[in-house]
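*Asks:* Here is what each chain is made of, one letter per residue.
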Amino acid sequence: MDRRRALGLLAGAGVAGLAAPARAAATPVIEWNQHMFSANTAKFPFHPQAVYKPDASSFQADPLAAYEKQMAETGIDRGMLVQPEPYGDDHRLVLDCLHRASPAKFKGTSLFYPKNPESSKKLTALAKAEPRIVATRFHAHRGKEMYLDSFGTPYVRALWKAAVESGLIIELHIGPNYALQAADAIRAFPGCKVLIDHMCEPKLGTPYEYANVLDLAKLPNVYMKISGMGYIAADKPDYPSLLPFTSRLIKEFGPERIVWSDGSPHIADVHMKGYSAADIAKVKGGNLQKLLNWA
Amino acid sequence: MDRRHILGLMGAGAASLAAGAARAAATPVIEWNQHMFSRDVARFPFSPRGTYKPDATRLSADPLADYQARMKAVGIDRALFVHPEPYGDDHTLVLDCLARTSPSQFKATSMFFPKDDDAPAKLEALVKQHPRICSTRFHLHRGNTAYFASFAEPGVRALWKKAVDLNLVVELDLGPNYARDAGAAIAAFPGCKVLIDHMCNPKTGMIWEYGDVLDLAKYPNVYMKMSSLGYMAPQDGPDYPSLIPYTRRVIKEFGPDRMVWSGDSPHIADVHMKGYPAADIAKVKGGNLQRLLNWT
Chain A
1 MDRRRALGLL AGAGVAGLAA PARAAATPVI EWNQHMFSAN TAKFPFHPQA
51 VYKPDASSFQ ADPLAAYEKQ MAETGIDRGM LVQPEPYGDD HRLVLDCLHR
101 ASPAKFKGTS LFYPKNPESS KKLTALAKAE PRIVATRFHA HRGKEMYLDS
151 FGTPYVRALW KAAVESGLII ELHIGPNYAL QAADAIRAFP GCKVLIDHMC
201 EPKLGTPYEY ANVLDLAKLP NVYMKISGMG YIAADKPDYP SLLPFTSRLI
251 KEFGPERIVW SDGSPHIADV HMKGYSAADI AKVKGGNLQK LLNWA
Chain B
1 MDRRHILGLM GAGAASLAAG AARAAATPVI EWNQHMFSRD VARFPFSPRG
51 TYKPDATRLS ADPLADYQAR MKAVGIDRAL FVHPEPYGDD HTLVLDCLAR
101 TSPSQFKATS MFFPKDDDAP AKLEALVKQH PRICSTRFHL HRGNTAYFAS
151 FAEPGVRALW KKAVDLNLVV ELDLGPNYAR DAGAAIAAFP GCKVLIDHMC
201 NPKTGMIWEY GDVLDLAKYP NVYMKMSSLG YMAPQDGPDY PSLIPYTRRV
251 IKEFGPDRMV WSGDSPHIAD VHMKGYPAAD IAKVKGGNLQ RLLNWT
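Chains as they are written, first to last, in our numbering: chain A, 1 to 295; chain B, 1 to 296.
Each hint should be verified, as a subset may be incorrect.
What the hints assert, rightly or not - Only part of the chain B face toward chain A is listed, based on derived beta-carbon distances under 8 Å:
(1) PHE37
(2) ALA125
(3) LYS128
(4) MET206
(5) TYR210
(6) GLY211
(7) TYR246
Bear in mind the hints are in silico, worked out from the structure with no lab data behind them. Glycine is no exception: its CB is placed at the ideal position from the N, C-alpha and C atoms.
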């Protein structure tokens, strides 16, 4: 190699090295985790079929303002408002928040009762009327078996199909013992986009069941959310005691399909030590930006 | 590359494969798992300090003969008698079994109470008198915290040191929540030989704690025993294929040179190591223990 060529390559590498931090700095931090709960239960009542009903007296009058303040404090640029279970399939509060906020800053998720024969139709209607609703969620883990009997049931498959046809992401709040049957459903809808909540709730399974969770990484378009660390470790705010666990989880899904949420985005820096700044930026928001096509 | 060179390489590859298969066939199958329990409680009484006491009426009159029959049935060549907890630190039954068998076929393990000041001296006396005792075991997991609370306790470290000085293998019947604590003890005795029982009892730990178990693979001479799969997947015997996503990862972390099959049939190693060369599977079935125990 001649000197000119070597210098050219070095300069190219320098530019590439500079470009990566610039890209990382330009990547928004996006959180997909926050529930909105309102103290105003007259305007936003809990659903009669809600699987739990929180104490509304502890809620903010304006949860959106409180969340925006928290976002500013922790450096979150954009957020997904996650439809909470107590409101069931009544999305008025999430929609109210979306309508009061910029489309550039917030999107929302949905929730339906899979056993309800009307759910697929309701989902299609909601997604059509409110394009900022970009996902629907299924719950199934130990202690939460009431929504569905199996991911193989016709009613789950029908709702999943409606979501895929509406271009929604499937959000799975599942436990490790449901990973195998969830994999079958994912395979049944090639190309469907899936986000697994809270590291697949490791508190609700065994180490050998969790291997089936890690196997979900073999399926394309399956993203894993690293969140809920405070439920399994006490060493907040960064939970370094979990590194032997999170490092393996991140390795299996890879930095292209891991999504940070919950607490401070600094958690991604701690749990991805050794990864490039560009990779960490993807996990803090770049992956969600791409998944949601959120320019 | 010319044709002669290619054919030469192919010939060398075939020869290497054939040599590997021959080595695999010559490697003994060794199990390190079987407890001996005798119905004869007058001759082999349970220890008053035993953490549990089995129903003696359901035990065999001749556990050794039963085990030898099972070994023959499933193709086990050699074995270690694992001293059971109910006998405490009274090794009479294990020693009786050793005395009735060939040194080329059986060795055994021991157990002591780490809180006893004289446990290291007892261990040394036992091993000096009975060199076929090649290991001592520590128990600590959720549901079995009777012996000690931490591997940092002076009694544990003293017993561990004595085991290392006697060139014994330290056997750990451990739970995932104690893996980090055990790792500190392993690090304190560089080069010590350790065998972790039963995949580190995953049923007694949390998923994130199991990350600490896998981290133990970074220490040299730490071996992982793939056993007790029936406790995790009782519906899925005899080969437990539903556990393959799990066992595959554990095998990958420790590698085929530090995995040890035991329990049920050695065919489990074939099923759970599908894709590995025969020579690697033979190591897991017995070659690794043969090397670890220097058992020619």
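*Asks:* Out of the numbered hints, which ones does the structure contradict?
*Replies:* 1, 2, 3
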